[in-house]
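Numbering (the numbering used here), first residue to last: 78 to 191.
Treat the hints as calculated values from the structure; they're not laboratory data.
Built from N, CA and C at the ideal position, the CB exists for glycine as well.
Some hints could be false.
As the list claims (entries may be wrong) - Per label pair, the in silico range of CB-to-CB distance:
no., residue 1, residue 2, range
1, L88, V179, 27 to 33 Å
2, A151, Q116, 26 to 32 Å
3, N150, E177, 17 to 23 Å
4, V179, S84, 18 to 24 Å
5, A91, R131, 31 to 37 Å
6, S191, R131, 35 to 41 Å
Said to hold, decoys possible - Mimicking BS3-like on lysine-lysine, the simulated pairs with C-alpha atoms at most 30 Å apart in a straight line are:
no., residue 1, residue 2
7, K141, K152
8, K163, K141
9, K152, K178
10, K141, K178
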Amino acid sequence: QVQLVESGGGLVQAGESLRLSCVASASILSLNVMGWYRQAPGQQRELVATITNRGGTSYRDPVKGRFTISRDNAKNTVYLQMTSLKPEDTAVYLCNAVREKVYWGQGTQVTVSS
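Working from the sequences, and respecting the hints, build out all of it.
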């Protein structure tokens with residue numbers, strides 16, 4: 078079992094930045110892939126960014142150039158640095174990890190006002 082705890086969400090204005098953190102209860106080197114998803118009210122959950130245990134990253138097109146996913150293996154933490162935030166980035170952001178099965182955190186709310 079792997080527990081994931083997100084933090085760092087909040088209310089910001091358009092153009093501002095936030096950094097989300099996801100702390101895992103296990104060594105993140107043992108997790109094949111970790112990622113950030115988001116879900117806005119009435120919308121389907123969508124993938125935002127992923128990072129593999131070898132450091133490879135991928136991003137959803139709307140966030141490319143604005144969001145950066147990174148990891149600190151010593152802290153078992155994955156980050157999502159979000160810059161130039163837009164109102165359409167408003168959502169609950171959830172951390173995800175894959176190791177034989179899929180694990181989810183409870184999410185952190187990000188609200189971007191115009």
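V179 paired with S84, Cβ distance criterion 18 to 24 Å: This hint holds: roughly 21 Å between Cβ atoms.
Pairwise hint evaluation, K178 against K141, where the allowed Cα distance is 30 Å at most: holds, 27 Å
Consistency of beta-carbon spacing, R131 to S191, with hint 35 to 41 Å: holds, 39 Å
Pairwise beta carbon distance, L88 to V179, judged against the given window 27 to 33 Å: holds, 29 Å
Hint check for R131 and A91 - Cβ pair distance inside 31 to 37 Å: holds, 35 Å
Pair hint K152 and K178, alpha-carbon separation not exceeding 30 Å: holds, 22 Å
Distance restraint hint 26 to 32 Å, applied to the beta-carbon atoms of A151 and Q116: holds, 30 Å
Given hint K141 paired with K163 - CA-CA distance at most 30 Å: holds, 13 Å
Given pair status - K152, K141, alpha carbons within 30 Å: holds, 25 Å
Status of the given 17 to 23 Å range, CB of E177 versus CB of N150: holds, 20 Å
Going through the hint list in order, the structure satisfies each hint without exception.
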